[in-house]
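Asks: Residues per chain are reported as follows:
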Amino acid sequence: MPHETQRATGSESGTWSTAGRNRPAATSVEELRSQHAEMERFFDMALDMICVVGTDGYFKKLNAAWEKTLGFTKAELFARPLMEFVHPDDHAVSMAELQKVRRGVDVVSFENRLLHRDGSHRWLSWKAPAIPPGQDFMYATARDVTENKRAEEELRGSQTRLKLALDAAEIGDWELNLETETASRSPKHDQIFGYDETQQEWTYATFLAHVHPEDRERVDGKFRECVASGGNSYFECRIIRSDGAERHIWVRGSVYPDEAGRSMRMLGMVRDITDRKLAEESVARLGAEAIQRAAQLEAANKEMEAFSYSVSHDLRAPLRHVQGYVELLKKAAGDQLPEKAARYLDVIADAGRQMGQLIDDLLAFSRIGRTEMQRSTVNLDELVQGCLLSLESQIRDRNILWRIAPLPAVTGDRALLRQAFANLIGNSVKYTGPRERPEIEIGIGPREAGYVTLFIRDNGVGFDMQFADKLFGVFQRLHTTSEFEGTGIGLANVRRIITRHGGRIWPEAEVGKGATFFFTLEEAMAAPHDAAEL
Amino acid sequence: MNMMTHVRRILLVEDSPQDAELTREALIENNVTNGLDHVSDGAAALDYLHCRGAYANRENGNPTLILLDLKMPKMDGTEVLRQIKGDPKLRTIPVIVMTSSREGPDISHCYELGVNAFVVKPLAFGEFAEAVKTIGVFWVMLNEPPAPMPAAQS
Chain A
152 MPHETQRATG
162 SESGTWSTAG
172 RNRPAATSVE
182 ELRSQHAEME
192 RFFDMALDMI
202 CVVGTDGYFK
212 KLNAAWEKTL
222 GFTKAELFAR
232 PLMEFVHPDD
242 HAVSMAELQK
252 VRRGVDVVSF
262 ENRLLHRDGS
272 HRWLSWKAPA
282 IPPGQDFMYA
292 TARDVTENKR
302 AEEELRGSQT
312 RLKLALDAAE
322 IGDWELNLET
332 ETASRSPKHD
342 QIFGYDETQQ
352 EWTYATFLAH
362 VHPEDRERVD
372 GKFRECVASG
382 GNSYFECRII
392 RSDGAERHIW
402 VRGSVYPDEA
412 GRSMRMLGMV
422 RDITDRKLAE
432 ESVARLGAEA
442 IQRAAQLEAA
452 NKEMEAFSYS
462 VSHDLRAPLR
472 HVQGYVELLK
482 KAAGDQLPEK
492 AARYLDVIAD
502 AGRQMGQLID
512 DLLAFSRIGR
522 TEMQRSTVNL
532 DELVQGCLLS
542 LESQIRDRNI
552 LWRIAPLPAV
562 TGDRALLRQA
572 FANLIGNSVK
582 YTGPRERPEI
592 EIGIGPREAG
602 YVTLFIRDNG
612 VGFDMQFADK
622 LFGVFQRLHT
632 TSEFEGTGIG
642 LANVRRIITR
652 HGGRIWPEAE
662 VGKGATFFFT
672 LEEAMAAPHD
682 AAEL
Chain B
27 MNMMTHVRRI
37 LLVEDSPQDA
47 ELTREALIEN
57 NVTNGLDHVS
67 DGAAALDYLH
77 CRGAYANREN
87 GNPTLILLDL
97 KMPKMDGTEV
107 LRQIKGDPKL
117 RTIPVIVMTS
127 SREGPDISHC
137 YELGVNAFVV
147 KPLAFGEFAE
157 AVKTIGVFWV
167 MLNEPPAPMP
177 AAQS
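For the record, the sequence lines run as chains A and B.
With my numbering applied, the first sequence corresponds to residues 152 to 685, in that order.
With my numbering applied, the second sequence corresponds to residues 27 to 180, in that order.
Chain A extracted, bound-state conformation (with noise of 0.2 angstroms):
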């Protein structure tokens, strides 16, 4: 503010004497005193802040809303130039509003702002009438606009984040005039319709020729239904995009009445859910898909069980039969039977009782692959001693040599893992038959992943273990049954067994200096009171 004009005279407070041109002509001193002293008041009572400036740049008269506002006194904002209390930033503009007025034109709602007392600064918003020449003061009045300010400020802060969520949530809005029933949209809105450029015009009946044809009535009783009930809305539909592809939208509105309760509006959303909507999709068409395996293998399941069923009847009975025939045919003829005659009947009734032990093996393995698996904590000190209780009538005169270790506890079905070792240990058994010194060792080997590497080892007849292969198929044989009994099925029920709990088996051995078979069972968290045992 100019420094080089004169500076105001006039009391602290200020005299009207100063500011009145056009004051009432007054009869009596009395009266004007009155005048004055009722016009006093009115100046003060004023809420917006009123001043009068002079050429000089301080203030020459105000009211008590400025002293309110800013929270200086009145003295103190008499004692520096208006210049002082604007906050830097608005010297400039400050400066350049003055001088309009000056220049005789009217300033209107000019903002900036003014130091309080507190350290803060304050909106206002300024009306000054042009200053006509020959006048060396100014006249004006201010507003305190902060509240306005914050609440713009706050304002223009949600939209801005609200224009983030949109973004981010690749939503776009709209808004619906329920008259002309034209729309302005967010350009995100007419993208998701396949629109890169903004349209130009956009209508209720745009969207719904949008809307897939199948679909279309349906949203369109919907909105329907939303303006009539002036609720909100809320549907998913099919639209064909500008470009013909085929996408999932969802569409939220809400209608906002006027005041006299017509709808006259409806705001809304839309948003492209086509990623989503396939998503959804492939999960109910795999969980489908799953179902309906589930359902095969039940069936595959249920056809094996009739099968064996049938298998175990119908191919049993010929065989009872036969071996009864035979038998009933010793009886009939008695000692006239020679003796060759005797020997076939013989080897009739034997390959009978053998065919029967292969069915019975066959069903068995059959089994072990579709009856469900109880899982426990298995011991395997108790179920190595209770294989070879069971083994004792062949282990009796033996002289075995037996090394088995402490063993540790593994989770598995009992039953299962009884046969898997009752066999191998079985065969240890068998193989190690034409040795003077038979030794059978049963130990533990690494452990890897949760799962305990379990051995059983002997100094039997072995084998040659370029067929290693063949020894876990089933009905493959690497001895002659003259020489160990057998249908050779065990070990593919033990390989059945180990693979179904989650562990492999595989063998060492060489011809003559016995076998080893290594297998792998998942260990059991130790119970607390193995623990305490060790």
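Any given hint could be a false lead.
Okay, the calculated beta carbon distance ranges per label pair [said to hold, decoys possible]:
#, chain 1, residue 1, chain 2, residue 2, range
1, B, Arg117, A, Arg549, 52 to 60 angstroms
2, A, Glu365, B, Arg108, 37 to 45 angstroms
3, B, Asn169, A, Gly596, 52 to 60 angstroms
4, A, Glu673, B, Arg117, 43 to 51 angstroms
5, A, Arg444, B, Asn169, 29 to 37 angstroms
6, A, Ser527, B, Val145, 30 to 38 angstroms
7, B, Arg108, A, Glu543, 54 to 62 angstroms
8, B, Asn169, A, Trp657, 50 to 58 angstroms
9, B, Glu85, A, Arg444, 55 to 63 angstroms
Just so you know, the hints here were simulated from the structure itself, not pulled from any lab data.
Beta carbons: idealized from backbone N, C-alpha and C, even for Gly.
With chain A fixed as given, assemble chain B onto it according to the hints.
Replies: Okay, now just chain B, sitting in the frame of chain A:
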């Protein structure tokens, strides 16, 4: 032996003539000399028990024991068993199911229906004869049946 005046008969329900013959031989071999009546399917078994059709004129009275095969044409053994055990006039007759295998859901199902024993026919005739003998000795000679009832009328 029992003191009953009428002959204690065994009803064999068996579709295979060979099995029927082997069973008969096994019984003879083991001196279970009760009369053996053989029917070859489930429907005939029920006719026999209810004294109807071909059996309208048979000597009245329930058999002492029923040996029942499961796998039979027309009406299978479990259905015959269900009807016998569901009939107040028949259900006290001991029924032994004799079948070829232990495969399938038969065992528990038969017990649910009230079978008195379930026997898998051994393959070897010696063992089979032994099983038939054991059954005969126990159920016909040792076991005391409930008071005799007149045969059920249809």
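Asks: Which hint numbers doesn't this structure obey?
Replies: Hints 2, 5 and 7 not satisfied by this model.
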